[in-house]
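The residues making up each chain are set out below.
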Amino acid sequence: MSKPIIATASLAGCFGCHMSLLDIDERILKLIELVEFNKSPIDDIKTFTKECDIGLIEGGCCNTENIEVLKDFRKNCKILISVGECAIMGGLPAMRNGIPVKECLDEAYLDGLTVGENKEKIMPNDEELPIITDKVYPLHEIVKVDYYLPGCPPKADLLWEAVVALVTGKELDIPYELVKFD
Amino acid sequence: MSDTIKFTIDGKECTGKKGQLLVDVAAENGVYIPVLCHWKGVKPAGSCRICTVKVNNRYVTACTLPIDENCGDIENNTPELQDIRKAIVEMLFVEGNHFCPACEKSGDCDLQGLGYKYQMMVPRFPYAFERRELDAKSPKIFLEKNRCIFCKRCIRMIKDEKGRSYFAFKGRGKTLEISMDEKLAANISDELAQEAMDICPVGAILKKEVGFVNPIGKRKYDNEPIGSDIEKSQQ
Ligand code: SF4
Ligand code: SF4
Ligand code: SF4
Ligand code: FES
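Top to bottom, those sequences are chains W and F. Numbering-wise, the working numbering comes out as the position in the first sequence, counting from 1, plus 1. Numbering-wise, the working numbering comes out as the position in the second sequence, counting from 1, plus 865.
Please keep in mind that the hints were generated in silico from the structure rather than gathered at the bench. Incorrect hints may appear among the rest.
[Stated by the list, open to error] Pairs of lysine to any residue residues, derived as SDA-like cross-links and limited to a Cα-Cα distance of at most 25 Å, are as follows:
#: 1; chain 1: W; residue 1: Lys156; chain 2: F; residue 2: Glu995
#: 2; chain 1: F; residue 1: Lys1085; chain 2: W; residue 2: Leu179
#: 3; chain 1: W; residue 1: Lys31; chain 2: W; residue 2: Asp174
#: 4; chain 1: W; residue 1: Lys156; chain 2: F; residue 2: Gly1076
#: 5; chain 1: W; residue 1: Lys72; chain 2: F; residue 2: Ala993
#: 6; chain 1: F; residue 1: Lys1010; chain 2: W; residue 2: Lys72
#: 7; chain 1: W; residue 1: Lys103; chain 2: F; residue 2: Glu995
#: 8; chain 1: W; residue 1: Lys171; chain 2: F; residue 2: Lys1039
#: 9; chain 1: F; residue 1: Lys1039; chain 2: W; residue 2: Asp174
#: 10; chain 1: W; residue 1: Lys156; chain 2: F; residue 2: Lys1010
#: 11; chain 1: W; residue 1: Lys145; chain 2: F; residue 2: Met985
#: 12; chain 1: W; residue 1: Lys156; chain 2: F; residue 2: Ser1093
#: 13; chain 1: F; residue 1: Lys951; chain 2: W; residue 2: Lys31
Please work from the sequences and hints to get the whole structure.
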């Protein structure tokens, strides 16, 4: 039987959730025995080459590219999991929610204390750049999400237990200490 | 006639004195009924509804119910009530802006503790992302309005020697927010500022110049669910 296939992505996240996945330490050897990785920053595969069983996504959606990648994951993964606070509720990037985008951009490129010289008042607007969304969206407000793993980042043991339970079909009984929002 | 009342909560026999509030009697008998707005000894507000139990098949808030002969068998930990409470927790999470990873109260917060207890993985309601301000005018206190859950504990409990409240609600409905009396708060003592922080169930009232005192792993709800102390007190 072929191994279950996992894909991962970081949208508006800090890569901390991916780091937490690496924090499973030597169990990573067991993990590659259990599963195969497809599109993911971990193996640097950039586009889906086959249909995947599990998609793990960290980070919410803060721009049009995030939304595209998310929809691509939904299309190519049987099970989609929101990993971490950013994916579940926007996380720290969502602290801008409620502030008009123009105000945020002005602060970042014109008025902020750490802005250097910008006499021509240039705002990055190259057409290659994704467009920033009006607010940062939790993943499940854009596509259907099957499971949620909270934490910032979710504890390595939680990620491990959840992935193992999914690929082995074992029931997941999460100990109290593993579910935290920070 | 004796004023001792006998009744049961989820089948467990409990005793208390007539007129005592159900939530307090339950705690004395080792039964945890979650609270967010209640504080023992302070006139109940009944504002958060998290302590909802079922008495004679009716929903009642346990922090406002004085016990008497008619209590019968009270329901507390049924799947139905647990789901109602979980829904309340989820509602409070989406109504405010609760960025736990960036909150000083994280680990010691009662709202978050209830989120853990009921294993809230994601709220069933959409996030409101309503913007509220942070009031940092007092030299001793930060008032982070994004995290207030409107329990009124601060309003009811934190007063000066003349009985004037340091805190008050402003606005109504959607615009309701907690506010601090600027003049009074300018001179609030260290002790009272600390007390305000301690009684606030969430991270809305924070004392300035201290922070993150308890390391991760040693905070109130890191290892044991909220209410464990009460449940363990009588076994
Ligand atoms: S949840 Fe925390 S660790 Fe994960 S991407 Fe967001 S900020 Fe980083
Ligand atoms: S007040 Fe509690 S629930 Fe809100 S952000 Fe802080 S720790 Fe989280
Ligand atoms: S500031 Fe804290 S104590 Fe005061 S009403 Fe809000 S949540 Fe309750
Ligand atoms: S604790 Fe009873 S209503 Fe809040």
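Hint numbers contradicted by this structure
1, 6, 8, 9, 10, 13
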